[in-house]
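A.B. asks: In the numbering used here, the protein residues as written are -2 to 357.
One thing to keep in mind: the hints can contain errors.
Unchecked claim - In silico DSBU-like links for lysine-lysine, alpha-carbon gap of 35 angstroms or less:
id, residue 1, residue 2
1, LYS333, LYS96
2, LYS31, LYS96
3, LYS333, LYS315
4, LYS315, LYS279
5, LYS279, LYS333
Simulated from the structure, these hints should not be mistaken for lab results.
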Amino acid sequence: MTDVTDGVLHTLFHSDQGGHEQVVVCQDRASGLKAVIALHSTALGPALGGTRFYPYASEEAAVADALNLSRGMSYKNAMAGLGHGGGKAVIIGDPALIKSEELLLAYGRFVASLGGRYVTACDVGTYVADMDVVARECRWTTGRSPENGGAGDSSVLTAYGVFQGMRASAQHLWGDPTLRGRKVGVAGVGKVGHHLVEHLLSDGAEVIVTDVREESVRRVTNPHPEVTVAVDTDALIRTEGLDIYAPCALGGALDDASVAALTARVVCGAANNQLAHPGVEKDLADRSVLYAPDYVVNAGGVIQVADELQGFDFDRCKAKASKIFDTTLAIFARAKADGIPPAAAADRIAEQRMAEAARR
């Protein structure tokens, strides 16, 4: 007999991962679709968050990821000042093997069945072309191509927002909002990371990159031979003289081992859920490493897709994403005033905004 204390319902109703308003498990046998849609909060408005398509090791791992990611979206959207709550969806499977038009259309029907409580977009494993297909069945779809009334690739402004977070970190720590002369290590140069590298080079930074995909590294180094390549993330974080570490791949990049080995003074990257477990933020602070909360600095993408719902304007979005600089500085100031790590300060501000909205 299964121990119910280890089950999904126990996670939803009793654990720190819980507190979600709604979790929908979706299956379409004809297309092979298996998906989980998690709505953490709609206090600030309809839940907004991307769809991740990933070959999870188990269904339990997929559910856990949906819960963590959707919770993070509530905080991200609150800190970005958007009129949206947090949601996220995961499609279980290898997109290279099972992604099809039939599957995406089936997924769109499931999102549409929520009647606007959840607005979806791109994430790991899903792209603009995929959202164009989903949108054929669901009008609550963002991240579509410009030809289909959308804003296109949200990774452009995601990278720009992370760059603003880096500038704020430099301002707070070194008194100057420039990366000129700073050594920055970027782990993951895929959809977001390669755009971030362009910003860093334009600002005069010395850049080191690593990625498990050689083609991603070549896309950076071919036009920019001055960029150094580390053999892996472990080597990158141990680089002597590293000023800033930017995790831009999957979550959990900051764990006990990586924090202990880290040479950088600042961590500021695009990856979601960078802290592997509670307490890592304190470990970073104890080592005098300034952590720019991931969901604050990587909000440029969600700012872009949210704007799509009212008729996309790139300049308006970029202006909003530029404010990530001020938001990050405000979090550092709150952290100093309250004597807590920046991650805890950001959580407090976001939770206050959600609580005030829920009371209205």
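A.B. asks: All the hints need checking, so say for each whether the structure fits it.
C.D. replies: Going through the hints against the structure:
1. LYS333 to LYS96: Not OK: LYS333 and LYS96 at ~47 angstroms, beyond 35 angstroms, violated.
2. LYS31 to LYS96: Roughly 11 angstroms between the alpha carbons, so the hint for LYS31 and LYS96 holds.
3. LYS333 to LYS315: Roughly 28 angstroms separates the two Cα atoms, so the pair holds.
4. LYS315 to LYS279: holds, 32 angstroms
5. LYS279 to LYS333: holds, 13 angstroms
The structure fails to meet hint 1 from the earlier list, while all remaining hints are met.
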